[in-house]
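Student: Okay, here's what each chain looks like letter by letter:
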Amino acid sequence: MLTALAILIDGLVYSSWLFIVAVGLSLIFGVMKILNVAHGSLYAFGAYGAATMVGIYFDAGWAPLGSFAMLLLAALVMGAILGIVLERGLLRFVYGRDEVIIVLVTYAAFLILEDVIKLIWGVDPYYAAQLYGLLGMTEISLLVFSNYDLALIGLALFIGGSLWLAINRTRWGKLLLAVIHDREMSQAFGINVTRVYTVTFVLGAVLGALGGAFTAPMISVTPGIGVEVIILAFAVVVIGGMGSVPGAVIGSLIVGLSRAAAVHLLPEIELFVIYGVMSLVLIVRPQGLFGKTAEKRI
Amino acid sequence: MNIKTMHPLSSAETSKISTLARIAAGLLAVGLVFFFALPAAAQKTELKVGLVAFLSGPAAGPFGIPFRNGAEMVIGGINSGTLPAPYDTGKGIAGVKIVTIVIDEAGGSTKQVTEFRNLVQRQNVDLVVGYISSGDCLAIAPVADEMKVLTILADCGTPRIFEEASYKYVFRTRPHAAMDNISAARYLLDKVPGLRTYAGINQNYAWGQDSWRDFDAAMQALKPMTEATTEQFPKIFAGQYSSEISALMLSQADAVHSSLWGGDLESFIFQATARGLDKRTQLVLTASEPYMFRLGKRMPDGVIIGARGPYGVFAHDTPLNRWFRKNYVDRYATQPVYASYVVGQAFLALKQAIEAAHAANNGNWPSVDQIISAMEYMEFEAFGSTVSMSLGKGHQAVTEAAVGVFKFDVDANEATIQDIKYYAAECVNPPEGISSVDWINGGMQGAKCN
Chain G
-8 MLTALAILID GLVYSSWLFI VAVGLSLIFG VMKILNVAHG SLYAFGAYGA
42 ATMVGIYFDA GWAPLGSFAM LLLAALVMGA ILGIVLERGL LRFVYGRDEV
92 IIVLVTYAAF LILEDVIKLI WGVDPYYAAQ LYGLLGMTEI SLLVFSNYDL
142 ALIGLALFIG GSLWLAINRT RWGKLLLAVI HDREMSQAFG INVTRVYTVT
192 FVLGAVLGAL GGAFTAPMIS VTPGIGVEVI ILAFAVVVIG GMGSVPGAVI
242 GSLIVGLSRA AAVHLLPEIE LFVIYGVMSL VLIVRPQGLF GKTAEKRI
Chain E
4 MNIKTMHPLS SAETSKISTL ARIAAGLLAV GLVFFFALPA AAQKTELKVG
54 LVAFLSGPAA GPFGIPFRNG AEMVIGGINS GTLPAPYDTG KGIAGVKIVT
104 IVIDEAGGST KQVTEFRNLV QRQNVDLVVG YISSGDCLAI APVADEMKVL
154 TILADCGTPR IFEEASYKYV FRTRPHAAMD NISAARYLLD KVPGLRTYAG
204 INQNYAWGQD SWRDFDAAMQ ALKPMTEATT EQFPKIFAGQ YSSEISALML
254 SQADAVHSSL WGGDLESFIF QATARGLDKR TQLVLTASEP YMFRLGKRMP
304 DGVIIGARGP YGVFAHDTPL NRWFRKNYVD RYATQPVYAS YVVGQAFLAL
354 KQAIEAAHAA NNGNWPSVDQ IISAMEYMEF EAFGSTVSMS LGKGHQAVTE
404 AAVGVFKFDV DANEATIQDI KYYAAECVNP PEGISSVDWI NGGMQGAKCN
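Quick mapping for you: the protein sequence lines, in order, are chains G and E. Reminder that position 59 of the first sequence reads as 50 in our numbering, one-by-one numbering, no gaps. Numbers in our numbering are just positions in the second sequence, counted from 1, shifted up by 3.
Treat the hints as calculated values from the structure; they're not laboratory data. Being a predicted model, the structure only gives us computed values, none of them experimental. Each residue gets a CB set at the ideal place from its N, CA and C atoms; glycine is no exception. Among these hints, one or two may not hold up.
Okay, derived cross-link-like pairs now, DSSO-like style, lysine-lysine, Cα gap no bigger than 27 Å in a straight line [stated by the list, open to error]:
#1 E/Lys100 / E/Lys171
#2 E/Lys51 / E/Lys171
#3 G/Lys109 / E/Lys238
#4 E/Lys171 / G/Lys109
Computed footprint of chain G on chain E; a stretch qualifies when at least three of its residues, placed anywhere within it, have a C-beta under 8 Å from a C-beta of chain G [said to hold, decoys possible]:
#5 63 to 76
#6 225 to 237
#7 328 to 334
When you get a sec, could you build the whole thing from the sequences and use the hints?
Tutor: In structure tokens:
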């Protein structure tokens, strides 16, 4: 019973983290048809930015709880700067090219940004762990959970809900859906597709950086953290269906719960289970669980 | 018929010939001078060493950079002749200055083999020192033998290198990893005599799997009634250990063993301490010494810590170690960790072996074979303790092992180690001719402990 509860809570915590990390990747693909490998760098910049700003905040001796605002600020600053630089400075020159070319361009950007991280922050780790214990613990029999981890579930719900509302209940969302449906027709009707692309990419970049910023307190921020994340995020969006936000939710839940079950019941297959599930889904539905038609995306 | 009379040469011709003769004689003389002076002119002026360490990627911060810094500092000490006894034998190695070509170890073992060939064939290095990753060591050793290049594996841990093969040109001047886990098991059982259960969290690749295998086997050999409750093998660089920590909590093990390193270890510590795992079980972190100063009070008190040998805070207080620590702190404003020690140890081994071979060769620079002969079964003083090249047909080092308990000294604002125990090399290393696994599984027969 306790094991089942542990699987459920661990699975939800991990799923929430995965969703926060992967949703930006899915959004950008849904609108722009770009598989953004540089998403891993956005995550890493978010984490480094957060660790730096949290460090400065604590050094200044301000109220500890206010440090959470630093995570948001770091994500906004890093995501906005890098999003604009990448979209306006690089990607707009390759729109309309073959998707493989665009993947290679974002991969090149990823490699460059990895070195930029080393230029700025060096190879020694950065920490924001002061913040991780601030919310305390919750004890359930033999199990103790960090409240920060549990709060990630709330953050994921907030991000998912806000995104759903923005896409389905706002004018901007309608414009976005029109562009997803038919880019050329939207342009003919006077929608500024270039601006929609820029806004979408920057939003996706901020979400990527947000994933990194809220992960920073849990980890040692070191070079290479973006590499691991891009592979996991890719697995999530492939399972859910490329470009589908509900797909990202389901993909995260499937991966998170399967991994937690493997860790508790059969630790030997933990490494295999994520990609095992991905392979199974792709055999049954090569387009992913929610990847039906373009109209259904986002 | 006009027959040209042969007559003695004219004075002009004689003059020409004598000039030619003088030139020829001069050339001959110069040639002879060069010929006889050849040994002097061919005297080595520099020893070109390929130095390989992680300069990028997750292993650069905890290992690669301290490794490179340690090498630079010790090479500086050797070249300037400022090392204390017994290495106060003048500048350089037998008077020859060391120069290095530094290569990044990142990129995988296939890339490293290419880099190794480049070092030898394009850069013409005399020898290669380095390698932190066990995978790289396993890939480089046969290539080094094939290319007949003296290669010192300075840091990698896998026991398989000399237990599964034999190499002429390859040496490892640090002990392999089996002793880390055997000494950790001995220490744990001494510290927690009533221990009944233990669990493990180790990375899912050769290092983590081998470490757990050796620790688990050592526990069973030393106290057969103990039991492993769960074995967790997260992916390397996973960073997220929430589920694993829950599994460790549910297993209610008396102790948790881990060989995690780098960012993985630090992330695990943050996540485990935030959930109080360190209060419920005895953490045994076999490779955590490099992080104790960086983490400071973020490292929980009471954790059993290893440095993969008598390095860092476990190094004995000798003039050699005092020189090492003082110069390292002065130069890099941080404490040296085990990666800095083991690469320094490799260069001390080279200095002693080459100078011994040089002396045996009547003061001439020795051949590679002569250096190899001098290094096999050699014993030398290092910064941490005495090193014996006693395994792997004289190519694999052993040293004593050291384990202690971490405590953050709040008053001094300093990370410290308490209750240090040293284990003799013969207590925690298999004898020659038997693999580590077989020796542990056989009950560590013949172990000579203090």
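Student: Look at each hint and say if it fits the structure.
Tutor: Now for the hints, and whether the structure bears them out:
Taking the CA atoms of E/Lys100 and E/Lys171, the gap is near 25 Å; set against the 27 Å cutoff, the hint holds. Under the criterion of a C-alpha separation no larger than 27 Å, the hint pairing E/Lys51 with E/Lys171 is consistent with the structure, at around 20 Å. Between the alpha carbons of G/Lys109 and E/Lys238 the distance comes to roughly 24 Å, so the proposed pair stays at or under 27 Å and holds. Annotation: proposed proximity of E/Lys171 to G/Lys109 is violated, straight-line Cα distance about 39 Å (limit 27 Å).
Only when three residues or more bring their CB closer than 8 Å to a CB of chain G does the claim for the stretch 63 to 76 of chain E stand; here the count is 4, and the claim holds. By the rule of at least three residues with a Cβ nearer than 8 Å to a Cβ of chain G, the coverage given for the stretch 225 to 237 of chain E holds, with 5 such residues. Counting residues of the stretch 328 to 334 of chain E whose beta-carbon sits less than 8 Å from any beta-carbon of chain G gives 0, not enough to reach three: the coverage restraint is violated.
Checked against the numbered hints above, the structure violates hints 4, 7; every other hint is satisfied.
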